[in-house]
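J.: Sequence:
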Amino acid sequence: MTLAWRPDAHGWRAFCGEEQQGIVRVVPYRGQWAWIVDMLPGDIEPQLVGRATFADVEDAKAEAQRQVKEWPTPIEGARRV
9 MTLAWRPDAH GWRAFCGEEQ QGIVRVVPYR GQWAWIVDML PGDIEPQLVG RATFADVEDA
69 KAEAQRQVKE WPTPIEGARR V
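Numbering (our numbering), first residue to last: 9 to 89.
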């Protein structure tokens, strides 16, 4: 499944999960782009974030998409927060 990205006030967002209950964000961070996956917003379930940042927003979106596909296992370079 390909995420349907939309611009928002913080960068880019897409809904994810079997019931579209999760949210994926790609946000500017120190002049580059970072991603955050929160499969259960408002819950105590940890978010997954990438440790790397990307100069190109499309690269960050692709890495976030890869994390969604591998959920709940963190991909290489991701961590729970």
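Just so you know, the hints here were simulated from the structure itself, not pulled from any lab data. One should not assume that every hint holds.
[To be verified] Simulated restraints, written as ranges between beta carbons of each label pair:
hint	residue 1	residue 2	range
1	D67	R87	25 to 35 Å
2	E26	A63	24 to 34 Å
3	A63	E27	27 to 37 Å
C-beta: ideal position from N, C-alpha, C; glycine also.
J.: Each hint: holds or not?
T.: A quick look at each hint next to the structure:
1. D67 with R87: 25 to 35 Å: The hint (25 to 35 Å, Cβ to Cβ) is violated, given that D67 and R87 are roughly 19 Å apart.
2. E26 with A63: 24 to 34 Å: The hinted range 24 to 34 Å holds for E26 and A63, with Cβ atoms some 32 Å apart.
3. A63 with E27: 27 to 37 Å: With a Cβ separation near 34 Å, A63 and E27 satisfy 27 to 37 Å, so the hint holds.
Checked against the numbered hints given earlier, this structure breaks only hint 1.
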